Each structure stands twice: as structure tokens, then as C-alpha cells.
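Engineer: Work the whole structure out from these sequences, hints included.
Read top to bottom, the protein sequences are chains E and G. Under the working numbering, the first residue of the first sequence is numbered 1, with each subsequent residue one higher. Under the working numbering, the first residue of the second sequence is numbered 422, with each subsequent residue one higher.
Hints are not guaranteed to be accurate.
Think about it this way: if two alpha-carbon atoms lie no more than 30 Å apart in a straight line, the pair counts; the simulated DSS-like pairs of lysine-lysine are [as the list claims (entries may be wrong)]:
no.	chain 1	residue 1	chain 2	residue 2
1	E	K77	E	K329
2	E	K402	G	K523
3	E	K402	G	K473
Which chain G residues face chain E? A few, computed with CB under 10 Å, are given here [said to hold, decoys possible]:
no.	residue
4	E455
5	L456
6	D459
7	V461
8	E464
9	V484
10	E510
Quick list of the computed label-pair ranges, beta carbon to beta carbon [to be verified]:
no.	chain 1	residue 1	chain 2	residue 2	range
11	E	P204	G	D537	42 to 52 Å
12	E	T2	G	E455	23 to 33 Å
13	G	D514	E	M15	19 to 29 Å
14	G	E497	E	L91	56 to 66 Å
15	E	D120	G	E548	29 to 39 Å
16	E	D401	G	K525	19 to 29 Å
Just so you know, these hints were derived from the structure itself, not from any lab. None of the values given here were measured: they were computed from a predicted structure. Beta carbons: idealized from backbone N, C-alpha and C, even for Gly.
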Amino acid sequence: MTLKQTSLNEAHRAMDAKMVDFGGWDMPVNYGSQIDEHHQVRNDCGMFDVSHMRVVDIKGKGVRDFLRYLLANNVDKLTTPGKALYSCMLLENGGVIDDLIVYFMEEQWFRIVVNAGTADKDIAWMRRQAAEHAKAHPECYAKSEGGAEGEVSAEAVPPEEEIKRVPNAYLFGDMSQEEAAKLIWKEQDEEGTEKPPLDIADHPELSIIAIQGPHAREKLWEAMPGSKLLTENLAPFSAVVMGTMFIARTGYTGEDGFEVVLPSIAAPYFWKSLADKGVEPCGLGARDTLRLEAGMNLYGQDMDESVNPLESGLAWTVDLKSERDFIGKAALLANPPARKLVGLVLLDRGVLRGHQKVHTAHGEGEITSGSFSPTLNQSIALARVPKEVQTGDEVQVAIRDKMLAAKVVKYPFARNGKGLI
Amino acid sequence: MSNPSNLKYTASHEWVKTEADGTISIGITQHAQELLGDMVFVETPAVGRKLKAREECAVVESVKAAADVYAPVAGEVTAVNGELDSAPERINDDPYAAWMFKLKPDNAADVAALMDAAGYQAVVDSEAH
Chain E
1 MTLKQTSLNE AHRAMDAKMV DFGGWDMPVN YGSQIDEHHQ VRNDCGMFDV SHMRVVDIKG
61 KGVRDFLRYL LANNVDKLTT PGKALYSCML LENGGVIDDL IVYFMEEQWF RIVVNAGTAD
121 KDIAWMRRQA AEHAKAHPEC YAKSEGGAEG EVSAEAVPPE EEIKRVPNAY LFGDMSQEEA
181 AKLIWKEQDE EGTEKPPLDI ADHPELSIIA IQGPHAREKL WEAMPGSKLL TENLAPFSAV
241 VMGTMFIART GYTGEDGFEV VLPSIAAPYF WKSLADKGVE PCGLGARDTL RLEAGMNLYG
301 QDMDESVNPL ESGLAWTVDL KSERDFIGKA ALLANPPARK LVGLVLLDRG VLRGHQKVHT
361 AHGEGEITSG SFSPTLNQSI ALARVPKEVQ TGDEVQVAIR DKMLAAKVVK YPFARNGKGL
421 I
Chain G
422 MSNPSNLKYT ASHEWVKTEA DGTISIGITQ HAQELLGDMV FVETPAVGRK LKAREECAVV
482 ESVKAAADVY APVAGEVTAV NGELDSAPER INDDPYAAWM FKLKPDNAAD VAALMDAAGY
542 QAVVDSEAH
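Structural biologist: Here it is, written out as C-alpha cells:
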């Protein structure tokens, strides 16, 4: 099978990346030392190519009603344009189809970023659910009289005004004017075609670059001065549109920073501009240890379709308080969790890994993600254990032919440059 | 870094150096450390343990993964490199200096029969395809 490549594949190779097959994508695992890259992000700033993740835009009248039903977290928390929300998308039985971030762009446009390995499945699920929801609740999608509210709003195009305010927004490094001109957003002409109630379109032509670390903001502004005006007052977990770029103050490392979505043809220029300002490239290896220290779940390891979010440390993302119905809600209410996700710190020498069995006073559990923590200089893990297990308990982990002692701790293990254990 | 020509090698990526006293030192190759990445933990066999050829006897763990290390030939463990307990990254820094354990081989001819540097390079090259 040919591996899929992001727009930065050539750039990674030029930077001596060690490339691996990451779920069918040819991705950099490190550019030398994974541990150095990890510390770089905790202490300064690093950049990651996460273009394998997929951007999905959902547009049309009724989109908020649809997402209220589709997602376990409540999009009604999103009232300010650009605001982001982390949520799971559940099966009827409560199993997790994927975890995602949903951004409120405007009343008829929400943007969702989903995991690479689940993207096609997610989109198929969204389209099927949208069709069924429209059938069951046509009132959510009805056009008002004389208006064109059912149409994709013209406002979806980034306002020309914003482009004027940042005249060089499209220019990176030695990029030519012609290439920059291609970046101007063009709304596809869909006239004459009958539209489904919601337009659910994925954007594999977009790339995503994460700039993470305590100095990420300054580095972004150095690499792209035009961005400062729009991002210096950007609140955490919020995003802003800048021309064809979408800049979110989000990340997967437990550090400050941005995730920048931009057209793939522009991504290599942007990457190079950041590198020229001294931002070190970091691979998916460091991304994994950083997110584990930050106590952030990884889909496919810490949760999947076989478990629900309440047993995956994600109860805080499930809105069971509002009256609203959503897919999976009934199953969650009917099945109180018997297990929970906890943090482990290994007391003996060794390294905790996924799938190792955990023996507790209340029964057996299993590590979902385990690794060595460069910040704490010891091994840490997330483990799913019986719900009676308490913080401070000592448990035994089966590693090869030995049983090693570990302590149950509250996570995150590290954030904002510091260990928390 | 090329593989030193004065060492012997195994297909499971150990290097073997014959010392003046007839014991052999064992470590993992440049290729192996490169595949594994940053080392964070090393487990060595107990001194005095008798090993069969190709028996699992040590473990190296990087941030990324754990890998078994095998006895290249039959013999008895005479020493282990305790320095790697606190500094496993020495394997990354200089894999051919970072020996993990020493064996007194049951039969010196077994050592002579291991692959030389060129033979090992052929193994590495074939894995790349």
C-alpha cells in the first residue's frame, strides 16, 4: 500500500526526519531525539505537522440543532464566533466513534477537526445522521419566508475586509505573487444543484501545523507578522480566520500555542518561515509523550467504539444535565460506569506500556497508554481500572515476567513546562 | 556510523567483542539504537546466569518501544554494565562503547562463527527493502 503524504513530506525529509507508517500516513516520528523535541516544546517552542487530521465544515440552516443531537458535549456552550469545544461523537450504545474539536464559525457554519484514522468513518456517520435528523426534525431546516437562510451563507467566505487589514497575509518566505493569488478563497458554484439540508464537506486540501510551547505566540508573530493583530488577544480554545488561514489557540501538548489550518500549497512556505525563526520541528513521538503527560486521551488507545466516555476520563465533556437528547445519551444514563481512567506512576524501574494488566485490590484493569515521561523522568500511564480504585492506591503492573509497583495519581502529569506529580 | 570491523554481529542486532581475557562483551548495534530511538531503560541478566545461545536475557526500552536482547552464544554472565541503569542514553550516544553484559562463552568457536561486519551490513540492507 502506498502511504499517504502531507504537503510537508518533502520538508520533513529535508530536515532528516525519521519517517514511519502512521495509520497509512508517511509521517515524521522524530527528527533526531524524541526526548529533546519533547523538552523543546515544554521549555521553548516546537512545530508539528498534523495535516493527516481532517477538517470538516458543516454549513446550512439547522447545523446547530444537528450538532446538539450529534455530539455528547453541548454546542450551545458555543456563542462567540471562533470559540472551540472538545467533544466525543458517540454510537447509540455510548461507544466513542471519535473525539473531535468543534469550532463555532457563525450561526450556519461549524468547523470540526477529526482524527485521521477515523475521518472517513466520521464523515459517513455525520451524513447519515444528518439525513435522518432532517427527516425527523424538518422544522430545524425550514427556510424562512422570502429568505435564503437554507442556503450556504455568503458570509462563509472570509471577509475581504480582513484580507485588506493584513495585506501580506498570504506571503510566506520566497513565495511568488502568483502562488499567493491561488490562495484566495473561491466559493464553489453550486447553483442549480439540489442541496441536502446540510453541506458536510471535508477538506483534505487543507494542512494543519501546530506551533506549541511557552514561546509559540512570539514565534508565530515573528514568522508571520500580519498574524499578531488578529491573534494577540485570542483567548485559549478560540480561533480566528485570517484570509484562507484559520488560527486556533489550541493544541495537544499541555502548552500554549496554536494550530494553524491553511491551504496545502501554502503549508511548506509557512513551515519554512517558522523554521527560519528557529522553531524546531517535532515528530509524532514527542507529540505522544507530551499529550500523555498533559493527560489528554488518544483515540484508539484510551477510548474507542468499545468503551464510553464516562469510563474514559471524559465525563467532563459529556453534557448529561441539559434536557437535550443526543446520540448515545440513553445508553450512558442506563449504564452507570463500572470502570474509570486513572493516572499511574511506576515506582519500580521499567516502562509502562499500553495493554499491560493492572492488578488492584478491586480487580483487574489495563493500561491504555503508557510511556516514559521526559518531564518527570519516570514512567507514567493512563489505565482503565475498577471504579473503586482511589488516588494514592498502590497497584501491581505485569511487565514481562515481573509484577512492578505503581501508584495511582491524579493526572495531568505535567503542563506548562512543569511536572505536577 | 559504520559497524566496526573488529566486532562480530548477530541477525538480532547485537554486537560481540572478544576481550583479552577471553570473555565477550555484548551490546546493541548502531542500526538497532537508531530504530528504537531514545533509550530510557535497560534490564541486564544476573551475573552467574547460564545462557543458551539465542536465549532472551536482557531488555532495552526506548520512549517508543521495548526490545529483547539475546545471548549471541551459550555462556555464563560474568559482568553487567551498571552504568546503563542511570544513563541508558549512552547506548544512543555510542552504541559500540555501551556494552550491556559480558559472557564467558562455553565454546570460543561459537563466537568465531558469528557474522562479520560485512555480513551484518547485508542483513541491515535486506531489512530496508
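Engineer: Does V461 of chain G pass the interface check with chain E, least Cβ-Cβ distance below 10 Å?
Structural biologist: This interface hint holds because 4 Å falls under the 10 Å limit.
Engineer: Within 23 to 33 Å or not, the Cβ separation of T2 of chain E and E455 of chain G?
Structural biologist: At roughly 25 Å between Cβ atoms, E455 of chain G and T2 of chain E fall inside 23 to 33 Å, so the hint holds.
Engineer: Would the hint on V484 of chain G be counted as holding, given a Cβ-Cβ threshold of 10 Å to chain E?
Structural biologist: It holds, given that the least Cβ distance between V484 of chain G and chain E is near 5 Å, below 10 Å.
Engineer: Under 10 Å, Cβ to Cβ, is where E510 of chain G needs to be relative to chain E, so tell me if that hint holds or is violated.
Structural biologist: Hint on E510 of chain G: holds, closest Cβ of chain E at ~8 Å, below 10 Å.
Engineer: Verify the interface restraint on D459 of chain G: the C-beta must sit less than 10 Å from at least one C-beta of chain E.
Structural biologist: holds (4 Å)
Engineer: Was the hint right that E455 of chain G lines chain E, CB cutoff 10 Å?
Structural biologist: holds (8 Å)
Engineer: Look at the Cβ atoms of P204 of chain E and D537 of chain G and judge whether their distance stays inside 42 to 52 Å.
Structural biologist: holds (49 Å)
Engineer: Compare the distance between the alpha carbons of K402 of chain E and K473 of chain G with 30 Å, and conclude whether the hinted pair is satisfied.
Structural biologist: holds (21 Å)
Engineer: If you draw a straight line from the CA of K77 of chain E to the CA of K329 of chain E, is it 30 Å or shorter?
Structural biologist: holds (18 Å)
Engineer: Take a quick look at whether K402 of chain E and K523 of chain G sit within 30 Å of each other, Cα to Cα.
Structural biologist: Given pair K402 of chain E, K523 of chain G holds - Cα atoms ~23 Å apart, limit 30 Å.
Engineer: Quick check on L456 of chain G please, does its C-beta sit within 10 Å of some C-beta on chain E?
Structural biologist: holds (9 Å)
Engineer: Using the C-beta atoms of D514 of chain G and M15 of chain E, is the stated range 19 to 29 Å upheld?
Structural biologist: Cβ of D514 of chain G to Cβ of M15 of chain E: about 21 Å, so the range 19 to 29 Å holds.
In summary, this structure violates none of the numbered hints.
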